Each structure stands twice: as C-alpha cells, then as structure tokens.
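S.K.: For the sequence shown, the numbering used here gives the first residue as 59, with consecutive numbering after it.
Hints are computed from structural coordinates only; laboratory data are not their basis.
Result set (DSSO-like, lysine-lysine): computed pairs, CA atoms no more than 27 Å apart in a straight line:
| no. | residue 1 | residue 2 |
| --- | --- | --- |
| 1 | Lys289 | Lys335 |
| 2 | Lys356 | Lys179 |
| 3 | Lys229 | Lys60 |
| 4 | Lys224 | Lys369 |
| 5 | Lys357 | Lys327 |
| 6 | Lys335 | Lys229 |
| 7 | Lys127 | Lys224 |
| 8 | Lys335 | Lys357 |
| 9 | Lys156 | Lys122 |
| 10 | Lys60 | Lys156 |
| 11 | Lys179 | Lys157 |
| 12 | Lys327 | Lys369 |
| 13 | Lys179 | Lys224 |
| 14 | Lys328 | Lys357 |
| 15 | Lys141 | Lys152 |
| 16 | Lys224 | Lys156 |
| 17 | Lys179 | Lys60 |
| 18 | Lys356 | Lys60 |
| 19 | Lys179 | Lys357 |
| 20 | Lys229 | Lys127 |
| 21 | Lys152 | Lys179 |
| 22 | Lys179 | Lys369 |
| 23 | Lys60 | Lys127 |
Ranges of calculated distance between the beta carbons of each label pair, as one might list FRET restraints:
| no. | residue 1 | residue 2 | range |
| --- | --- | --- | --- |
| 24 | Glu225 | Lys122 | 12 to 22 Å |
| 25 | Lys289 | Glu225 | 30 to 40 Å |
| 26 | Asn184 | Glu307 | 28 to 38 Å |
Nothing here was measured: the structure is a model prediction, and the numbers come from that model. Built from N, CA and C at the ideal position, the CB exists for glycine as well.
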Amino acid sequence: MKIREIEIGYPENQHILSPPDFDGDEAVYRQFLHQVGVEKRYLSEPGETASDLVLLPAQRMLEKLPAEKVDFLIFSSLTLDFKTPTTSSVLHHKLGLKKNCGVMDLPFGCAGFPMALSMVKGLFSNPNIQNVLILLGEIPSQAIHSEDRELKFLFGDAGVAVWVEKEEVEKESNFVFGNDGEGFNYLNVLKGGAKFPFDETFLLEYKNEPQIQRQGRISMDGLGILKMVLKHVPEAVHSILETNKVTAEEIDHYLFHQASNLVLNTIQKKCNIPPEKMIYQMNDGGNTVSCSIPIAWKKAELEGRFKPGDKIVILGFGVGFSWCGTLLRYESI
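Could you build the full structure based on these sequences and the hints that come with them?
M.R.: Following this line, the structure appears as structure tokens:
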C-alpha cells in the first residue's frame with residue numbers, strides 16, 4: 059500500500075503561546091517550549107465537530123483525485139457525531155462518494171492512524187478495493203478545563219485526509235499491536251458514555267465550562283503515560299523491526315505519535331535511535347491525537363526529509379494504553 063496524498067485542515071482559531079500564558083514567567087515558558095515543544099495550537103469553535111474539521115481537507119483531496127475511485131472510507135476520531143449512525147456514513151454522503159463504497163468508524167485515539175492502515179491492509183486483500191480514504195479528526199481542546207494549563211497548552215485540534223492506494227506488487231508491511239489495561243487510569247474521559255452518563259451533579263460542577271458539559275473532561279496522568287511508554291514502546295519498536303525482517307541500521311526515519319518532545323526524547327534515548335532519524339513536529343499544532351502521525355508525515359515530506367525507498371517506522375500509542383505500528387516505505391508521486 060502507498061500513501062498517495064495527505065491533506066491537513068486546521069481550525070481558523072489559533073493560539074500562539076507566549077510568556078503571558080505562563081503568568082509572565084519567561085523561564086517557565088522557555089522550559090515548556092523545550093520539554094513539550096508546542097509553539098502554536100489550533101482550536102475548534104464551540105459546537106464545531108471532528109467531522110467538520112475533516113471536510114475541507116477531504117474536499118481538497120477530491121479536487122485532486124477522483125471521488126468515484128474511493129472504494130472505502132475510514133473515519134478515525136475519539137469524538138463521533140452520534141451514537142448511531144456512524145459518522146463515516148454521514149461523511150460518505152456529504153462527500154458524494156459512490157454507493158458501493160464501504161465505511162467504518164475507528165475511535166482508537168493516538169494509535170488511530172497506524173490502526174487505520176492495518177485495516178487498509180486487510181481491505182486490500184479484496185480485489186474490488188483499490189483506494190481507501192482515511193479521514194482523521196480530533197477536537198481534544200473541547201474536553202479540557204479552561205484552567206487546566208498542563209493540558210490546554212499541549213493538545214490541539216485538527217482534521218486530516220489520507221489517500222491510500224493499492225500497489226501492483228504490495229510491499230510487506232507487517233503490523234504490531236498491543237494493549238495494557240493498566241493504562242486506563244492514566245488517560246481517559248469517563249463522563250458522557252453509557253457507563254457514566256452526564257448527571258445533574260456533573261453539569262452543575264462544570265456550569266461555567268460548556269465545552270466539558272458537551273464532551274466530558276480529559277483526565278491525564280503524565281507520569282503514568284510516561285511509565286507506559288517506557289514499558290511498551292521500546293519492545294514495540296523491536297517487534298516492528300523483527301516482524302518486518304529489518305535491522306535498526308536499515309531504518310531511515312522513526313515517526314512516533316507526537317505526544318510531546320519529552321516523550322519523543324525519552325523514546326529516542328531508550329531505543330538508541332540516532333537523533334537525526336527522529337521526526338519532531340510538535341511546534342505547529344501540538345498533540346493532535348490520531349492526526350499527529352499523518353500531519354508529521356506531510357510536514358516532513360514538504361521539508362524534503364523523505365526520499366524514494368526510505369524505510370519509515372511509524373508507531374502510535376496512547377489512550378488504553380494501546381499501541382499499533384508498522385514499517386512503511388516512502389514512494390514519491
């Protein structure tokens with residue numbers, strides 16, 4: 059399978075971080091830039107949905123590539139529009155895709171993009187499926203308390219469209235999957251689902267935070283997440299190399315979920331990855347959940363980082379604690 063094209067869409071509202079965001083403390087601001095890496099975030103408007111954010115990049119994509127060739131649509135997001143029907147079904151109609159195009163929602167979080175690619179690999183075993191459109195949309199800012207500085211300066215909103223096409227001779231891309239339920243407590247949004255529906259107490263507690271009344275509130279234990287990363291990501295990287303029968307020396311680039319510079323630096327050191335092989339794209343947009351890997355891919359491509367034949371390890375990890383990764387080979391168009 060080949061990534062044919064990627065289109066990125068950000069909300070119009072953007073927030074450029076500066077010392078006043080940190081009570082005027084220049085030192086704290088500089089430390090944040092160094093450890094986290096976020097300089098600018100894009101923020102959705104109240105009531106704007108993840109599916110809204112993917113429409114523009116999807117439409118731009120379909121101006122370049124014919125809509126009638128889309129055989130399957132996958133929508134990756136933690137914030138679906140409805141309990142039913144699937145949001146992918148709604149997007150299918152809005153984009154005017156053909157009736158014999160399949161659809162699927164994939165609420166998998168930070169590992170959503172490689173997980174979607176694993177679905178594509180399976181779909182390509184069907185001779186009737188030649189092209190898959192992956193849409194990824196995330197609005198984490200709408201589940202963050204306005205005074206939660208730890209989170210609100212980390213996460214950003216985005217929408218991405220990725221066109222994946224079948225190759226005449228499919229190159230081997232074997233996937234690695236994993237989950238550790240111990241990570242449940244380290245990153246979650248508990249209210250608003252079937253287990254813990256919104257109640258009067260919750261709505262009253264957040265009466266001045268309407269975005270949380272709509273979406274619930276993100277809870278994150280940063281040290282807990284780092285613990286999960288150290289426990290599982292190095293092993294996952296090793297498994298990707300092993301299952302794809304390549305050595306670390308053969309890898310040209312490592313593209314991980316853009317969680318934060320601190321997390322990426324920790325992975326780089328723990329896995330003994332040469333710094334020049336790491337891809338960092340936190341500065342413009344922040345942590346955009348499932349959008350982060352394809353956004354980083356596109357920006358690295360525009361910067362001229364990739365050349366035909368490059369071997370690229372991608373690995374997403376996060377909420378769950380779940381992970382998914384594989385080896386891809388870059389092919390220019």
